[in-house]
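Single-letter residue listing:
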Amino acid sequence: MRSQSLDAEGVKADFPILKKKVHGKRLVYLDNAATTQKPRSVVDAVSGYYTKHNANPHRGVHQLSIEATEVFDESRRKVMRFINAARFEEVVFTSGATDSLNLVRYGWGSKHIKGDDLIVLTIMEHHSNIVPWQLLAAEKGARIEFVGITKEGELDEGRFEELMAESPALVAFTHCSNVLGTINDAKKLCSSAKRAGATTVVDAAQSVPHMKTDVQDIDCDFLAFSGHKMLAPMGIGIVYGRREKLAEAQPYRSGGDMIKEVHTSGATWNDLPYKFEAGTQNVEGAVGLGAAIDYLEALGMDRVRQHEEDLLDYALQKLEGAPGITVYGPKRPSDGAGVISFNLGDIHPHDIASILDEEGVAVRSGHHCAQPLIEELGITAATRASFYVYNSREDVDELMNALAKARRIFCI
Amino acid sequence: MRSQSLDAEGVKADFPILKKKVHGKRLVYLDNAATTQKPRSVVDAVSGYYTKHNANPHRGVHQLSIEATEVFDESRRKVMRFINAARFEEVVFTSGATDSLNLVRYGWGSKHIKGDDLIVLTIMEHHSNIVPWQLLAAEKGARIEFVGITKEGELDEGRFEELMAESPALVAFTHCSNVLGTINDAKKLCSSAKRAGATTVVDAAQSVPHMKTDVQDIDCDFLAFSGHKMLAPMGIGIVYGRREKLAEAQPYRSGGDMIKEVHTSGATWNDLPYKFEAGTQNVEGAVGLGAAIDYLEALGMDRVRQHEEDLLDYALQKLEGAPGITVYGPKRPSDGAGVISFNLGDIHPHDIASILDEEGVAVRSGHHCAQPLIEELGITAATRASFYVYNSREDVDELMNALAKARRIFCI
Amino acid sequence: MSSSDIYRELILDYYRNPRNFGKLDPHDIESRDSNPLCGDEVEIQVKVSPDNKIEDIRFHGKGCAISQASASMLTELAKGKPLEWVKELSKEDILKMLGTSDLGPARIKCALLSMKVLKTGVYGYLGASLEDSDR
Amino acid sequence: MSSSDIYRELILDYYRNPRNFGKLDPHDIESRDSNPLCGDEVEIQVKVSPDNKIEDIRFHGKGCAISQASASMLTELAKGKPLEWVKELSKEDILKMLGTSDLGPARIKCALLSMKVLKTGVYGYLGASLEDSDR
Ligand SMILES: Cc1ncc(COP(=O)(O)O)c(C=O)c1O
Ligand SMILES: Cc1ncc(COP(=O)(O)O)c(C=O)c1O
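Read top to bottom, the protein sequences are chains A, B, C and D.
All residue numbers for the first sequence refer to the numbering used here, where the first residue is 145 and numbers rise by one.
All residue numbers for the second sequence refer to the numbering used here, where the first residue is 145 and numbers rise by one.
All residue numbers for the third sequence refer to the numbering used here, where the first residue is 3 and numbers rise by one.
All residue numbers for the fourth sequence refer to the numbering used here, where the first residue is 3 and numbers rise by one.
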């Protein structure tokens with residue numbers, strides 16, 4: 145029996161901002177790959193934290209501090225279950241996916257990458273999974289190779305395997321492209337990389353919010369994502385690290401709470417995961433992330449994925465039927481996440497986004513922080529529509545209407 | 145005419161959490177040096193942001209993104225005015241004071257500190273202003289000297305000047321001690337350090353929340369503080385950097401939004417301050433910080449300071465009149481901020497804090513992330529009471545009553 | 003005014019048929035910049051006359067209708083003007099040139115990119131550095 | 003139970019007059035740890051008998067009444083027991099030893115520090131590593 149599908153209208157009602165009018169039109173928010181909106185339950189969890197429990201966790205013996213510690217630990221356990229991490233200590237709070245990837249760069253990379261080491265990336269990476277490695281490579285004298293994509297927008301797995309034969313030290317790739325929606329077979333890639341002796345880093349910023357993720361099944365060494373792309377507040381993120389890898393990493397940020405002892409002559413580090421969480425923790429963010437996970441789990445991640453596949457399917461049909469549209473990336477829903485990048489004739493994506501905005505339709509335009517991919521596609525920019533739980537087929541219809549207006553203005 | 149004093153009861157009413165009962169007692173929150181509570185206006189600003197404007201700033205052309213950019217920029221301008229920075233681009237958002245200090249370590253320190261350079265710290269630093277420099281020194285082969293304190297708990301300025309004669313490369317010190325409450329003459333220290341050719345880093349985590357701060361008057365190169373210690377949400381902080389210093393610094397976190405262009409061969413950096421703000425910005429945190437600044441400015445920072453001086457004065461009188469109490473740090477209110485650390489007989493501070501908690505009084509106990517100072521004082525831990533705008537003399541009275549109970553239990 | 007009103011005949015015409023598009027050799031000033039958030043690029047080359055006037059000017063680049071039309075219109079406007087004139091250019095001048103009173107913060111950067119590029123080039127040529135207020 | 007109820011005669015007596023306080027030389031096991039968040043420190047030394055029993059045991063350290071009384075009581079309890087007994091020790095045993103049913107998350111770490119130290123030492127001696135569940 146197929147599970148009941150997601151009720152997008154019911155979901156929509158949980159998101160106060162979606163009642164907003166933009167230029168007198170209903171807000172159709174299709175910029176979810178950039179950041180998602182927040183359900184009332186998440187906003188309330190944040191307010192509730194500040195009006196009931198706020199304190200520094202771990203450090204005080206007073207009641208509020210105990211409560212803050214409890215909600216903080218509980219949030220970490222929720223994340224642990226959500227991504228099926230084996231251990232509490234493998235889940236590290238950061239300020240976002242970018243911060244998570246930088247933690248891996250400074251914490252693991254600076255210590256373990258040496259001159260002449262090979263780092264393998266893919267051409268479909270977000271800048272946050274490119275620039276830290278470029279800087280690391282420059283610092284150490286390591287070499288970077290980018291795996292390209294096929295005409296269909298899929299990873300060139302042949303090339304990937306070729307590079308594995310060169311025994312890379314580090315392999316970092318995105319689980320899901322924020323431009324093409326391509327879903328990479330993280331498990332397979334990690335298994336190849338592991339066999340080649342590489343440490344693996346999965347950028348899951350676009351996958352964890354949209355599909356059931358199991359770090360033990362993927363068998364990666366590190367996995368990074370952001371709260372704000374999955375209904376949670378801004379300023380909170382996660383890096384999952386396999387225990388051995390975290391243990392052999394050095395601290396990234398240093399300061400209060402990540403130490404065991406500090407003397408004028410030096411310091412010793414706290415246990416995992418605290419070694420990587422210097423400074424006052426963002427308990428609010430953790431609580432918000434916990435509430436977001438509760439919300440997503442109540443919907444069911446399978447249904448979330450199913451819903452996005454349905455929308456993608458519908459949107460692809462509509463877009464491919466429309467004149468002048470070029471869609472980038474995989475064309476079959478089951479190969480892609482709810483992200484579609486396209487161009488309309490020779491109209492620049494910024495112009496499209498401006499015209500769509502007039503109709504209340506919020507999309508992204510530009511290079512989507514993935515310039516190497518945009519160059520590879522032979523374009524200078526694209527327009528991107530990306531879906532989440534509160535989007536419906538009507539939203540896609542609004543998108544198509546607004547595109548028709550752009551076509552009229554530019555006489556295409 | 146003296147300005148009207150602050151109405152602590154009126155202020156208290158603005159903080160929903162202060163209506164909370166703890167173990168059946170009124171909550172007396174005296175752990176403000178750890179983190180502060182949030183007024184309704186800050187919590188509402190955060191909820192309002194999520195229910196009205198939430199989007200990725202800077203990157204979208206759609207209406208929400210424009211609004212998010214506006215509130216984000218407006219918050220930066222508020223911070224700029226609050227600390228009297230000369231330029232918008234000198235105010236960098238981080239995730240907290242610890243993150244800010246690490247930004248200076250990795251961004252400026254890793255590039256400019258060399259072997260045999262001298263780094264001068266003080267013995268009263270928080271771990272967050274020690275460990276990053278210890279790690280930097282270890283990496284570069286630089287040397288660290290700690291300036292001690294006098295019997296009165298003031299910085300040993302003679303020793304400081306002696307060390308300036310050795311031409312240090314970096315001088316980092318706290319504006320206000322989170323244990324002793326000692327306020328250092330930041331302007332004078334920066335001027336000496338500047339004359340000696342050093343780059344100056346001021347840890348203002350305990351000063352910006354409590355007194356009017358003017359970075360141009362202090363004339364420091366970097367200044368760090370956290371939002372959560374000044375009524376704002378967790379997960380947001382600031383590093384002020386003099387333009388020339390920020391310009392000569394390298395990126396810290398790298399990834400999206402801090403770049404100008406990324407190619408497979410390398411990347412170029414965005415303008416200040418964005419070069420230091422990789423990843424999706426924490427707009428919520430910035431908005432919350434802006435609302436906190438509005439709240440503090442409405443009270444008036446002079447009155448905030450006056451209020452804390454009054455409380456400190458009252459508390460010192462009471463504590464010094466009580467049997468068995470040893471107070472650490474400066475004894476005259478005008479020399480200290482609203483922070484008092486003390487011990488009661490030989491009772492361990494944790495035991496005190498537990499007993500106080502039973503009475504609803506929340507204090508910190510332990511080494512307060514300042515182990516070198518605690519060692520210097522010849523103790524293993526201390527109990528700390530720290531005040532903020534919503535505290536009143538009645539709160540001090542509750543503290544004294546609870547301490548009397550501790551004395552009874554331990555038969556002192 | 004709504005941002006899509008900007009897409010009037012005039013602008014689309016400059017976008018489709020840009021005046022002064024291309025390169026200029028030899029030239030005395032060459033300046034280039036991009037808008038990191040949206041990827042618009044503009045490069046401007048200028049030939050300066052002995053009396054410090056803009057003798058000839060060309061631009062090329064890629065980007066949205068607003069950035070490219072704005073660059074093209076600006077070159078037309080600038081041709082023959084003294085370099086000092088460039089220093090005085092303001093946001094308001096560019097909006098007037100585009101025939102609009104407001105563009106909103108997201109698109110204004112597209113409109114102003116070519117002015118920034120031209121100013122950077124001219125200031126560099128005149129040996130002064132770009133002032134803050136123009137950044 | 004409220005956390006301050008823990009401050010009963012018994013505990014305060016062990017805190018003021020700790021049994022088995024000091025060092026042991028020679029010893030077979032030496033183990034030390036601190037609670038990074040509050041600075042409590044406990045070091046335990048054990049002399050092991052030929053039949054793998056705790057022949058003698060001493061502790062020293064500094065910290066709150068709970069951590070130090072707990073360490074002292076634990077040494078009394080442990081003396082004469084087989085090393086295997088240490089492996090079986092649980093949080094509940096410690097709470098029972100202290101005569102309380104709950105301590106709250108902030109102070110439980112103080113109470114359990116000496117158990118952690120003793121287990122680490124014994125596991126090390128037995129050549130096994132500390133299991134997760136005991137951390
Ligand atoms: C003097 C001082 N510096 C730095 C910090 C670190 O601030 P945060 O923990 O918010 O990063 C603190 C507070 O914990 C402090 O009191
Ligand atoms: C694939 C991918 N990786 C990394 C990031 C960076 O996430 P954040 O900006 O939240 O740090 C993003 C989103 O911007 C992304 O889409």
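Heads up, some of the hints might be wrong.
[As the list claims (entries may be wrong)] With a cut-off of at most 25 Å between alpha-carbon atoms, the simulated DSS-like pairs for lysine-lysine come out as follows:
1) Lys111(C) to Lys404(B)
2) Lys111(D) to Lys404(A)
3) Lys164(A) to Lys404(B)
4) Lys404(B) to Lys118(C)
5) Lys93(D) to Lys404(A)
6) Lys255(A) to Lys258(B)
7) Lys404(B) to Lys93(C)
8) Lys196(B) to Lys165(A)
[Said to hold, decoys possible] Just a sample of chain C residues kept apart from chain B, beta carbon distances all over 12 Å, derived:
9) Arg10
10) Asn19
11) Gly41
12) Leu79
13) Pro84
[Said to hold, decoys possible] Partial selection, computed: residues in chain A whose CB lies under 10 Å from chain C:
14) Leu162
15) Ser185
16) Gln461
17) Ile491
18) His494
19) Asp495
20) His511
21) Ala525
22) Asn545
23) Ala548
24) Ala550
25) Ile553
26) Phe554
27) Cys555
Everything labelled a hint here was simulated from the structure, so no lab data went into it.
Glycine is no exception: its CB is placed at the ideal position from the N, C-alpha and C atoms.
Of the numbered hints stated previously, which ones are contradicted by the structure, given in increasing order?
3, 11, 14, 15, 16, 22 and 23
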